[in-house]
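Make a model of the complete structure from these sequences and hints.
Keeping their order, the protein sequence lines are chains A, B, C and D. For what it's worth, the numbering used here labels the leading residue of the first sequence as 33, then goes sequentially. For what it's worth, the numbering used here labels the leading residue of the second sequence as 33, then goes sequentially. For what it's worth, the numbering used here labels the leading residue of the third sequence as 32, then goes sequentially. For what it's worth, the numbering used here labels the leading residue of the fourth sequence as 32, then goes sequentially.
Think of the hints as simulated: they come from the structure by calculation, not from any bench. Note that beta-carbon positions come from the ideal geometry of N, C-alpha and C, so glycine has one too. Incorrect hints may appear among the rest.
[Stated by the list, open to error] Derived DSS-like pairs: lysine-lysine, alpha-carbon spacing no greater than 30 Å straight-line:
#1 D/351 to A/366
#2 A/218 to B/218
#3 D/77 to A/76
#4 D/77 to C/280
#5 B/76 to C/351
#6 C/280 to A/218
#7 D/77 to B/218
#8 B/366 to C/351
#9 A/366 to C/280
#10 D/77 to B/185
#11 D/351 to C/280
#12 D/351 to B/366
#13 B/185 to A/243
[Said to hold, decoys possible] Now the stretches of chain C that chain B is said to cover, found in silico as 3 or more residues with beta-carbon under 8 Å:
#14 71-85
#15 121-130
#16 190-200
#17 331-340
[As the list claims (entries may be wrong)] Incomplete in silico selection of chain A near chain D, CB under 10 Å:
#18 138
#19 148
#20 152
#21 203
#22 366
#23 371
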Amino acid sequence: MHTEPIYLDPALDRTAIAPVELVAREDLLTWYRVMRLTRTFEQKLAALYRQGGILGAAYLGTGQEAIATGVASVMQPRDYFNSVSRELAAWFYRGVEPKHVMARWFGKDVPPSHGRDLGLFLADLERYGLAPYANAPMGSWLPSGAGYALAFKLRREPRVYVAFTGEGATSPGDFYEGINFAAIHKLPLVIIVANNGFAYSTPVSDEMPVKNVADRAPAFNIPGEIAFGNDIFEVRRVARRAIEHARQGLGPYLVEFKTFRQRGHGEHDDMSYVPAGLRAFWERRDPLRMYIDYLQHGGGMTSDQLSAIDAECTALVEEAVQYAESVPYPSPEKVAWRLYAD
Amino acid sequence: MHTEPIYLDPALDRTAIAPVELVAREDLLTWYRVMRLTRTFEQKLAALYRQGGILGAAYLGTGQEAIATGVASVMQPRDYFNSVSRELAAWFYRGVEPKHVMARWFGKDVPPSHGRDLGLFLADLERYGLAPYANAPMGSWLPSGAGYALAFKLRREPRVYVAFTGEGATSPGDFYEGINFAAIHKLPLVIIVANNGFAYSTPVSDEMPVKNVADRAPAFNIPGEIAFGNDIFEVRRVARRAIEHARQGLGPYLVEFKTFRQRGHGEHDDMSYVPAGLRAFWERRDPLRMYIDYLQHGGGMTSDQLSAIDAECTALVEEAVQYAESVPYPSPEKVAWRLYAD
Amino acid sequence: MAAGETMGMTTTYLDAISQALREEMRRDSRVILLGEDIGVFGGAFKITRGFLDEFGSDRVIDTPISESGFVGAACAAAIEGFRPVVEFQFADFVTCAFDQIVNFAAKAYYRWGTPVPVVFRCPSGGGFRGGPFHSQNPEAWFTHVPGLKVVQPSTPYDAKGLLKSAIRDNNPVMYFEHKHLYRRIREQLPDDDYVIPLGCADVKREGRDLTIVTYGAMVHDSLAAAERLAKDGAECEVIDLRTLVPLDKKCFLDSVRKTSRALVVYEAHLTGGFGGEVAAIIAQEAFDDLDAPVVRVASMDVPIPFSPPLEDAVLPSADKIYRAAVDVLEY
Amino acid sequence: MAAGETMGMTTTYLDAISQALREEMRRDSRVILLGEDIGVFGGAFKITRGFLDEFGSDRVIDTPISESGFVGAACAAAIEGFRPVVEFQFADFVTCAFDQIVNFAAKAYYRWGTPVPVVFRCPSGGGFRGGPFHSQNPEAWFTHVPGLKVVQPSTPYDAKGLLKSAIRDNNPVMYFEHKHLYRRIREQLPDDDYVIPLGCADVKREGRDLTIVTYGAMVHDSLAAAERLAKDGAECEVIDLRTLVPLDKKCFLDSVRKTSRALVVYEAHLTGGFGGEVAAIIAQEAFDDLDAPVVRVASMDVPIPFSPPLEDAVLPSADKIYRAAVDVLEY
Ligand SMILES: Cc1ncc(C[n+]2csc(CCOP(=O)(O)OP(=O)(O)O)c2C)c(N)n1
Ligand SMILES: Cc1ncc(C[n+]2csc(CCOP(=O)(O)OP(=O)(O)O)c2C)c(N)n1
Ligand SMILES: [Mg+2]
Ligand SMILES: [Mg+2]
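See the structure below:
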């Protein structure tokens with residue numbers, strides 16, 4: 033089985049952004065800064081990986097920045113979320129510092145992980161609302177997402193948990209068990225599925241018998257919605273509705289964003305399994321380029337304004353690398369520290 | 033949460049059997065014999081358990097006999113199936129001998145288990161098409177059901193796997209993963225859900241956010257149907273359609289039969305969690321009594337004919353007990369035998 | 032402290048667990064329960080009978096049959112400040128939540144510094160004709176997972192005190208309660224709110240001739256064997272590990288240094304069981320003190336069969352312990 | 032047979048596994064493969080590159096991310112006459128299929144007499160900065176599950192011969208292949224269709240002063256340590272278990288009887304690891320022959336950290352083995 037020659041439901045398709053709300057200039061620029069910083073950061077990360085500067089592996093979210101940025105922009109500060117591997121933009125939106133992220137990719141001694149976990153993952157509830165979960169086993173964050181949401185509900189707090197996930201991670205039983213539990217108890221769990229057409233190399237048609245992940249929402253008696261993931265306005269519009277639904281105590285809400293990852297599963301993956309036509313199709317729908325077009329036309333920004341931000345981001349990333357290089361590695365003497373809590 | 037005061041969708045409800053096919057007298061009597069034998073056998077089993085003659089626990093399917101009998105009656109000889117704990121009637125229909133079953137409940141040395149597994153479970157592919165699986169963990173038989181069905185498909189054999197399951201066992205991830213796999217590959221897997229309203233003590237409303245298990249079929253892009261499980265004609269009609277669908281290579285099919293278990297989860301369970309009204313409601317819809325009414329009226333059988341079968345069944349069960357008592361226990365010297373296959 | 036014999040005001044092992052849960056729930060509103068049939072029904076073994084009425088459905092949460100789902104949810108609720116106690120209906124089904132326990136609960140604190148104060152109650156063990164899926168003793172798997180603590184009480188007193196400690200502990204604790212002890216073992220319990228710290232073994236019987244290191248149900252069989260050996264003139268020291276992680280090595284190493292002989296007894300399968308770890312530690316750290324090989328008595332390496340003569344052949348027993356002890360003593 | 036050094040016509044550990052699979056698939060049409068990304072992509076480590084073209088999508092089945100689902104399906108297909116080989120993308124995710132392996136695959140034959148000829152390929156082990164979820168060595172769990180066989184090769188020659196045996200075996204076999212050996216270890220392989228029977232350890236180096244019992248990647252580190260010890264004048268015998276279940280006790284007990292000293296080395300976490308079982312067996316069955324305690328070298332009891340200095344501190348190494356060996360030799 034292979035992905036069909038139609039790359040996107042025509043109803044969702046667009047090659048230009050369609051603004052659906054009035055937004056302050058400042059916000060427009062914030063989103064731009066976040067998306068640009070993410071793109072620049074990840075390009076640097078890929079280069080470092082190729083040069084051997086990043087050990088293990090490197091994973092990018094290139095092409096999916098609008099989802100992470102748009103969703104993060106409609107969350108409340110005390111909401112929690114988890115990211116998997118394509119949501120660096122959401123970290124940046126929530127205030128995580130690029131230099132901190134880079135130091136983690138370098139395996140350096142920075143909190144809270146102190147070199148123990150990969151740069152790909154971060155958990156810090158207090159500062160960013162970023163929730164711990166078992167990183168690697170796919171789908172494991174749905175049960176834990178339900179657990180944080182349970183805590184909110186038991187405490188009668190109007191907070192929401194946003195579980196970002198790829199569509200491949202909707203196949204494991206944990207996806208089903210986690211949402212089932214949340215739906216029974218009407219917990220404030222929002223599931224944001226970035227459906228980029230592939231789980232590693234496996235096309236959606238080999239992953240599931242339905243066309244859309246959202247087709248599964250009725251199995252939990254929850255709303256499921258499909259939207260175009262590369263238009264930040266569209267992302268915000270749909271995500272806002274989902275989050276408010278959950279916050280009102282109406283239970284989980286699933287949103288599936290159609291998108292595309294422009295890089296391999298990790299930088300070791302040459303994407304040879306992706307048809308050239310599909311790549312080209314989606315490159316024309318690059319979320320950052322579409323957003324820039326909008327900003328310079330409907331949005332009323334000058335290219336100078338954007339260039340200034342670009343330069344800022346480049347500088348931040350350079351600084352991040354310098355910082356990461358300068359921070360020490362964790363001391364092997366501390367390797368047994370913090371295994372058990374007192 | 034508690035089960036609602038409506039005990040069955042009025043559209044499904046009936047207190048008398050509605051025959052929908054022309055059937056040979058012989059078949060009518062075969063089904064009667066199977067259902068009666070099951071009822072008599074299980075009554076004996078319960079009595080033995082109370083007297084301490086059955087060790088561990090005893091589990092009955094009283095009230096659900098029409099499902100197992102009806103489904104078994106439309107299977108082909110080379111089809112496979114698994115039973116969980118309410119489908120003794122299907123074993124009998126497929127030729128398993130009562131004395132053999134009783135000896136197993138006694139822990140005696142009869143093949144294929146030789147006392148190793150509980151009387152509740154049986155696996156014997158060659159003689160009965162009864163498939164091995166991991167008995168205890170709920171839902172584990174959906175992945176294995178998909179595996180037998182995969183074997184049929186790979187060999188281009190027009191055979192079907194019928195997975196009997198309770199509705200409680202539709203909550204674990206294995207249920208989802210197993211059907212997902214079967215649906216992707218359009219495997220001949222038929223899922224027969226006996227929804228008896230409770231998983232052990234837990235009412236359906238605490239088990240799942242949907243009203244019906246069949247509401248989940250669209251999540252796998254497979255047909256899902258709901259039917260009344262206490263009318264053997266209805267069971268046959270719906271099961272036949274499901275099985276033929278699967279046999280034609282159209283993929284899995286899920287049928288949910290609404291029913292009721294008239295005994296506890298096991299005989300140790302006093303069912304105090306079941307409202308009296310619900311019990312009474314379903315007792316009026318007892319599948320055996322309804323079938324007897326039909327046989328004696330529309331079916332044209334005399335009560336003598338049925339009594340003769342009843343006596344036969346009583347004798348078979350008595351004989352089964354005598355046999356079970358007379359067979360030796362397995363020898364402890366053979367306890368390490370047959371751990372690894374050569 | 033051996034199991035009491037009087038039946039007056041005594042408490043069963045089962046009730047001791049129930050009491051510990053109830054008292055902790057009264058003491059600390061963050062303690063919540065999750066599990067199958069624990070609400071109206073009070074749990075498969077009736078440990079939580081009456082809890083739903085007393086604590087309400089916010090704190091006594093009946094779950095669908097989704098071990099991985101509710102274990103993951105419990106871990107997250109623990110990180111978020113609750114103190115969930117999860118009941119597995121049988122320890123055998125812990126396999127269905129294995130990933131969440133091993134890869135989430137156990138590793139979160141090491142990775143992020145976020146404590147995961149959750150207790151997993153696992154009714155385990157054989158001896159009552161439960162067959163291959165209701166009789167297993169899976170504790171060894173979890174001793175091999177850094178970040179988990181592993182507890183296995185043998186008496187009502189220990190069961191209560193250790194469960195309280197487990198609930199107050201800031202780490203994920205696997206708590207194995209032996210089903211066959213539920214109603215068989217009773218003793219008088221103190222009235223006060225006592226706890227037994229995790230990581231302290233207990234000398235259940237003193238002796239100078241042989242050290243029997245054991246835990247869980249096998250404590251009772253070991254004590255029975257020791258009684259019989261005492262009649263033969265040999266005094267066994269019976270050490271109940273009580274917690275496998277953290278492990279009180281000092282307790283049994285000191286004993287072996289005194290007796291010079293060690294027998295390790297456990298109900299799980301012999302191969303790969305935790306008794307192997309204990310034997311290895313003795314062999315490494317008390318080498319000079321040993322006058323005989325360290326011998327193990329455990330279940331045979333086959334699934335636990337249903338039929339009585341088969342199950343009896345597989346499980347260790349006082350008699351098998353006695354015979355192994357005689358061998359070690361005569362070495 | 033130590034790893035070859037020449038690079039001419041040599042085969043990597045990875046290619047040896049690939050060859051075994053391909054040859055068995057050509058030999059026996061019942062052999063089918065299931066796993067994630069094993070088709071077009073050829074698997075995360077490219078073991079099955081080209082297999083889809085050669086054998087077709089009926090025999091090379093790309094699965095959704097549902098370890099429990101496809102493991103259960105594979106077991107049933109095995110019972111029904113196929114010989115499935117399942118690839119876990121990483122051994123770490125075996126936790127997601129734990130129940131199907133432990134409760135279905137392992138127990139079916141004992142219960143019913145229906146063989147389950149399935150192989151689970153688990154790419155395991157650390158040393159390449161994979162972090163806590165891509166570096167684990169979970170073999171010990173499975174040695175504690177009667178009904179499973181457990182294999183862990185250290186060389187291309189063994190990897191190929193053992194995988195062929197595993198596929199031809201009528202039981203469920205856990206086959207742990209060490210990722211860090213994939214491209215690091217190569218040697219010349221014979222042209223013929225050889226197999227290595229399960230249950231036979233291999234003396235990878237002879238010696239009279241100390242027995243090092245090990246398996247998997249640690250064979251190479253042990254050999255390196257042995258070379259260094261040889262320069263110091265001590266000759267170590269290095270025994271590669273190759274299969275943990277069935278276990279070739281005779282091989283290492285004979286060796287210990289000769290050398291009187293034993294060191295057990297494994298990459299998994301120390302506590303509850305299979306080396307504890309080996310040490311316990313030596314302590315029980317070779318007690319009279321031992322001149323020194325049985326010492327273990329293994330990973331520390333913490334999740335495997337990502338950062339290089341931390342991971343290096345946690346994993347065993349030639350240097351750590353050397354130092355432990357010196358202690359045992361000087362005892
Ligand atoms: C249980 C489990 N099996 C396999 C893997 C290996 N794995 C990591 S990511 C991935 C694909 C995920 O696909 P998707 O969810 O679509 O995310 P995407 O990479 O497309 O963003 C796989 C198979 C895993 N992490 N966990
Ligand atoms: C994974 C798992 N968890 C828990 C159990 C214990 N258990 C056995 S049967 C059962 C209820 C099953 O309910 P259902 O599927 O509705 O079948 P019914 O008994 O109603 O026929 C439970 C919870 C189990 N066998 N497996
Ligand atoms: Mg994807
Ligand atoms: Mg039910």
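Each hint tested on the structure:
{"no.": "1", "hint": "D/351 to A/366", "result": "holds, 18 Å"}
{"no.": "2", "hint": "A/218 to B/218", "result": "violated, 33 Å"}
{"no.": "3", "hint": "D/77 to A/76", "result": "holds, 27 Å"}
{"no.": "4", "hint": "D/77 to C/280", "result": "violated, 46 Å"}
{"no.": "5", "hint": "B/76 to C/351", "result": "violated, 37 Å"}
{"no.": "6", "hint": "C/280 to A/218", "result": "violated, 48 Å"}
{"no.": "7", "hint": "D/77 to B/218", "result": "holds, 28 Å"}
{"no.": "8", "hint": "B/366 to C/351", "result": "holds, 18 Å"}
{"no.": "9", "hint": "A/366 to C/280", "result": "holds, 24 Å"}
{"no.": "10", "hint": "D/77 to B/185", "result": "holds, 28 Å"}
{"no.": "11", "hint": "D/351 to C/280", "result": "holds, 23 Å"}
{"no.": "12", "hint": "D/351 to B/366", "result": "violated, 46 Å"}
{"no.": "13", "hint": "B/185 to A/243", "result": "holds, 23 Å"}
{"no.": "14", "hint": "71-85", "result": "holds (count 3)"}
{"no.": "15", "hint": "121-130", "result": "holds (count 5)"}
{"no.": "16", "hint": "190-200", "result": "violated (count 0)"}
{"no.": "17", "hint": "331-340", "result": "holds (count 9)"}
{"no.": "18", "hint": "138", "result": "holds, 8 Å"}
{"no.": "19", "hint": "148", "result": "holds, 4 Å"}
{"no.": "20", "hint": "152", "result": "holds, 9 Å"}
{"no.": "21", "hint": "203", "result": "holds, 4 Å"}
{"no.": "22", "hint": "366", "result": "holds, 8 Å"}
{"no.": "23", "hint": "371", "result": "holds, 5 Å"}
Violated hints for the displayed structure, listed by number in ascending order: 2, 4, 5, 6, 12 and 16.
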